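Protein chains in written order, with this note's numbering: chain A, 124 to 364; chain B, 124 to 364; chain C, 124 to 364; chain D, 124 to 364.
By construction, these hints were calculated from the structure, which means they are not laboratory data.
From a predicted model like this one, the values you see are computed outputs, not experimental measurements.
A virtual CB, placed ideally from N, CA and C, is assigned to each residue, including glycine.
Treat the hints with caution; some may be incorrect.
Using 16 Å as the maximum straight-line C-alpha spacing, the simulated EDC-like pairs for lysine to aspartate or glutamate come out as follows [what the hints assert, rightly or not]:
| no. | chain 1 | residue 1 | chain 2 | residue 2 |
| --- | --- | --- | --- | --- |
| 1 | B | Lys-348 | C | Glu-150 |
| 2 | A | Lys-275 | A | Asp-227 |
| 3 | A | Lys-345 | A | Glu-170 |
| 4 | D | Lys-345 | A | Asp-334 |
Here are some, though not all, of the chain B residues that point toward chain A, as calculated from beta-carbon distances under 7 Å [said to hold, decoys possible]:
| no. | residue |
| --- | --- |
| 5 | His-233 |
| 6 | Gln-300 |
| 7 | Gly-301 |
4 protein chains.
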Amino acid sequence: MVLQKTAVVVGIGPGAGSSIARRFAHEGYKVALVSRREESLQPVAKEIESLGGQALSVPADTGDAASVRQAFQTIVAKLGAPEVLVYNAGPGMKWPPPGILDLDPAVFSHAFDAGVTGALVWAQQALPAMVEAGRGTILFTGATAGMRGGPKFALLACPKFALRALSQSIAREFQPQGIHVAHIIIDGIIEAPRTKGMVPDRDQSSFMSPDAIAETYWQLHKQDKSAWTQEMDLRPFVEKF
Amino acid sequence: MVLQKTAVVVGIGPGAGSSIARRFAHEGYKVALVSRREESLQPVAKEIESLGGQALSVPADTGDAASVRQAFQTIVAKLGAPEVLVYNAGPGMKWPPPGILDLDPAVFSHAFDAGVTGALVWAQQALPAMVEAGRGTILFTGATAGMRGGPKFALLACPKFALRALSQSIAREFQPQGIHVAHIIIDGIIEAPRTKGMVPDRDQSSFMSPDAIAETYWQLHKQDKSAWTQEMDLRPFVEKF
Amino acid sequence: MVLQKTAVVVGIGPGAGSSIARRFAHEGYKVALVSRREESLQPVAKEIESLGGQALSVPADTGDAASVRQAFQTIVAKLGAPEVLVYNAGPGMKWPPPGILDLDPAVFSHAFDAGVTGALVWAQQALPAMVEAGRGTILFTGATAGMRGGPKFALLACPKFALRALSQSIAREFQPQGIHVAHIIIDGIIEAPRTKGMVPDRDQSSFMSPDAIAETYWQLHKQDKSAWTQEMDLRPFVEKF
Amino acid sequence: MVLQKTAVVVGIGPGAGSSIARRFAHEGYKVALVSRREESLQPVAKEIESLGGQALSVPADTGDAASVRQAFQTIVAKLGAPEVLVYNAGPGMKWPPPGILDLDPAVFSHAFDAGVTGALVWAQQALPAMVEAGRGTILFTGATAGMRGGPKFALLACPKFALRALSQSIAREFQPQGIHVAHIIIDGIIEAPRTKGMVPDRDQSSFMSPDAIAETYWQLHKQDKSAWTQEMDLRPFVEKF
Chain A
124 MVLQKTAVVV
134 GIGPGAGSSI
144 ARRFAHEGYK
154 VALVSRREES
164 LQPVAKEIES
174 LGGQALSVPA
184 DTGDAASVRQ
194 AFQTIVAKLG
204 APEVLVYNAG
214 PGMKWPPPGI
224 LDLDPAVFSH
234 AFDAGVTGAL
244 VWAQQALPAM
254 VEAGRGTILF
264 TGATAGMRGG
274 PKFALLACPK
284 FALRALSQSI
294 AREFQPQGIH
304 VAHIIIDGII
314 EAPRTKGMVP
324 DRDQSSFMSP
334 DAIAETYWQL
344 HKQDKSAWTQ
354 EMDLRPFVEK
364 F
Chain B
124 MVLQKTAVVV
134 GIGPGAGSSI
144 ARRFAHEGYK
154 VALVSRREES
164 LQPVAKEIES
174 LGGQALSVPA
184 DTGDAASVRQ
194 AFQTIVAKLG
204 APEVLVYNAG
214 PGMKWPPPGI
224 LDLDPAVFSH
234 AFDAGVTGAL
244 VWAQQALPAM
254 VEAGRGTILF
264 TGATAGMRGG
274 PKFALLACPK
284 FALRALSQSI
294 AREFQPQGIH
304 VAHIIIDGII
314 EAPRTKGMVP
324 DRDQSSFMSP
334 DAIAETYWQL
344 HKQDKSAWTQ
354 EMDLRPFVEK
364 F
Chain C
124 MVLQKTAVVV
134 GIGPGAGSSI
144 ARRFAHEGYK
154 VALVSRREES
164 LQPVAKEIES
174 LGGQALSVPA
184 DTGDAASVRQ
194 AFQTIVAKLG
204 APEVLVYNAG
214 PGMKWPPPGI
224 LDLDPAVFSH
234 AFDAGVTGAL
244 VWAQQALPAM
254 VEAGRGTILF
264 TGATAGMRGG
274 PKFALLACPK
284 FALRALSQSI
294 AREFQPQGIH
304 VAHIIIDGII
314 EAPRTKGMVP
324 DRDQSSFMSP
334 DAIAETYWQL
344 HKQDKSAWTQ
354 EMDLRPFVEK
364 F
Chain D
124 MVLQKTAVVV
134 GIGPGAGSSI
144 ARRFAHEGYK
154 VALVSRREES
164 LQPVAKEIES
174 LGGQALSVPA
184 DTGDAASVRQ
194 AFQTIVAKLG
204 APEVLVYNAG
214 PGMKWPPPGI
224 LDLDPAVFSH
234 AFDAGVTGAL
244 VWAQQALPAM
254 VEAGRGTILF
264 TGATAGMRGG
274 PKFALLACPK
284 FALRALSQSI
294 AREFQPQGIH
304 VAHIIIDGII
314 EAPRTKGMVP
324 DRDQSSFMSP
334 DAIAETYWQL
344 HKQDKSAWTQ
354 EMDLRPFVEK
364 F
């Protein structure tokens with residue numbers, strides 16, 4: 124299977140997903156936009172098309188392996204085997220975050236399905252053609268919570284730690300085969316109407332620009348294979364860390 | 124609910140579980156032995172009783188919240204609310220470990236249930252009485268794979284990373300309430316008939332003594348609250364790391 | 124050279140040094156007490172002797188290799204080759220800590236000599252007899268600042284990061300030869316008249332007991348070689364981290 | 124003092140320094156080339172000038188604060204206050220690397236002066252004008268040895284750990300003032316005649332391209348302040364890690 128100039132972005136919604144899709148479209152990539160909610164996809168697809176790009180809306184439930192496999196087949200049929208996979212879907216966040224005693228085990232378990240098993244299945248779909256081609260890029264969106272388990276943050280931290288492990292495992296198995304695998308730790312709040320509402324008193328200059336994040340994803344994809352990044356952080360200049 | 128001199132050890136089988144149970148029994152603790160397989164429990168319970176200790180075999184499926192809750196009620200009814208919880212159950216390991224493309228998503232998903240969600244549910248059962256008493260100890264058995272995602276180790280690494288996150292989240296929420304939470308990174312192969320068979324050519328002196336591991340668990344429980352360990356590693360002297 | 128039941132504790136003053144020395148003396152070890160200031164040593168030596176122990180005061184400047192070598196010869200001559208070396212000397216702390224622009228390069232450079240090169244030279248003295256014996260223990264006192272470089276903490280963080288690197292390098296070279304090397308991260312303020320004065324408003328229950336710290340050092344020394352700890356943290360239960 | 128479009132690259136020799144200098148010159152930056160050995164500087168300066176760029180050779184001993192201060196004054200006088208500082212000087216490496224017992228304390232101590240104190244002094248020179256301008260970039264070249272202290276690697280690991288601490292301390296103090304501070308972990312061998320000779324049997328495709336490294340330094344400098352990287356790794360695709 125020949126790789127096409129196609130990028131799959133899983134997780135379009137508040138956050139950096141749509142900016143990442145636009146950034147790759149701007150470079151001539153056909154982009155597949157994946158989200159559980161179709162209503163998140165249409166405006167992004169329209170915007171990309173209005174800029175002269177090619178976008179495909181693919182509603183899929185990342186927590187369900189069959190749904191992922193079907194979505195991938197659709198993508199391959201319409202846009203070809205992707206050269207780039209961006210896994211930007213989260214495990215699902217609750218606000219305010221629940222403490223340990225208020226955490227529903229079923230919700231916790233599902234967070235692994237959506238946040239980690241989904242990432243595995245997407246990678247399993249994309250990897251064979253990448254291995255055959257000896258190239259390709261897989262980028263995982265991580266979070267501060269993937270580095271540090273804070274109080275009341277188990278629901279986010281546990282899947283994000285696991286996603287980081289998955290990223291390392293895939294990198295160590297497939298980088299020698301020419302496939303670049305990176306984990307980007309987003310340490311800050313991405314600018315979006317929803318996030319601004321969550322922390323209304325926050326200094327507006329402290330939000331992260333989704334376009335700035337997207338620029339780094341693009342640069343990671345462009346890195347020469349003699350000097351690949353496996354992990355990096357991104358945070359606004361004012362952020363304490 | 125008044126805490127009793129009771130220790131629950133989840134995960135009795137090859138590994139350090141039975142040694143940990145014996146160590147606490149030796150100090151006068153009533154011990155609840157938990158495993159999915161009842162046949163793993165009986166010999167350990169008998170040995171503890173033959174040494175004058177009190178042991179309760181509690182078969183339970185740690186990957187099933189209802190089973191965990193029922194097991195905990197049995198423990199409380201027979202041995203009282205535990206002062207100590209040791210989560211020593213693994214996510215289930217396959218040998219040889221599968222590469223990313225051979226990893227069944229259902230198996231992967233279940234590894235989170237058994238290796239992480241189970242730990243959450245056990246902690247949720249044990250914590251309320253500990254919080255009420257303002258003391259208690261929860262010890263999680265981690266692994267090298269919880270620190271580093273190796274090639275072909277995603278099935279172990281992802282849940283173990285997540286378990287580490289859970290341990291940190293519980294520690295940060297409950298240590299200020301007097302409950303000691305620690306994560307012990309086992310970086311080596313524990314001596315047991317099964318593990319010796321897995322790596323037959325390995326120098327026999329390089330296996331970890333389960334009793335030596337158990338000693339460290341006991342010392343962690345005894346630490347003064349002014350100087351608690353949240354994380355430590357354990358490895359045989361010959362181990363490369 | 125035959126190892127004696129001798130422990131060298133470098134860094135006696137405010138902090139855990141004197142408690143560590145007492146703990147080993149209590150177990151029958153002859154203890155060499157090392158500090159730049161002789162007046163820090165006498166009260167500790169007297170106390171140990173009054174409890175029936177044997178203590179040797181050895182004033183030495185840990186930042187000066189010749190002084191360390193001479194001190195070590197004195198120790199060997201009077202107490203024999205030590206089985207245990209505890210490097211508990213700090214790089215020298217200023218309060219309040221200077222920002223980057225106020226940090227005198229000569230002070231910074233000297234902090235490496237006292238905090239890291241001194242540790243190397245002490246280890247170089249103690250290791251040959253340990254290697255010959257195939258056993259021995261070297262314990263390094265680390266700090267939170269050895270894991271994270273905070274604003275205005277470069278003077279402490281840089282040497283403490285380097286000390287951690289030294290501990291790992293020595294462990295990886297000498298553990299296979301039977302010598303246990305551990306790094307203990309002290310994440311909190313140790314109870315002492317001086318430290319209480321530095322943070323007068325702090326909740327008094329949040330200080331770390333030096334005796335509790337010493338107990339962990341002793342337990343590390345006693346660990347079975349099949350299950351050695353290379354790194355662990357210690358912090359008071361109320362500490363945020 | 125007004126910042127000029129000037130970049131200072133400390134550490135020109137085998138490695139990525141000259142490529143980094145060329146990359147910034149290519150973007151119109153005046154570049155100051157700093158090395159202890161003047162003979163390393165001339166060919167790089169000539170090449171940059173032949174491509175239409177402006178380069179200044181500044182011989183200086185980074186392990187000597189007075190030499191650094193004088194070099195900085197020369198740079199400011201001739202090229203203006205720099206907007207970019209790249210600290211690419213190493214602590215000095217010996218090959219083969221000495222074990223702990225063969226490590227000369229004076230050499231070890233000097234490695235901190237050249238590898239860390241020098242970095243502090245360079246940052247102290249560059250920061251005031253950056254603070255005044257509310258912008259600027261400081262990039263530190265780190266190494267795998269800055270993350271992990273290997274056997275026989277103490278001479279490299281200890282200063283590199285400390286440099287990482289310095290990078291974090293400066294970032295946490297100055298990023299809120301608009302100055303971007305990043306630490307790049309080079310995990311591999313950079314292509315150069317000298318390094319190829321050190322490991323003659325190594326697969327030639329496994330060397331890192333210095334130009335590829337330089338590209339990432341440039342992209343770091345260009346990052347939007349709402350999404351800055353503090354730390355990232357770079358390694359060749361074939362590298363085990």
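Going down the list of hints, with the structure as the test:
no. : hint                     : result
1   : B:Lys-348 with C:Glu-150 : violated, 23 Å
2   : A:Lys-275 with A:Asp-227 : holds, 13 Å
3   : A:Lys-345 with A:Glu-170 : violated, 24 Å
4   : D:Lys-345 with A:Asp-334 : holds, 13 Å
5   : His-233                  : violated, 10 Å
6   : Gln-300                  : violated, 11 Å
7   : Gly-301                  : violated, 15 Å
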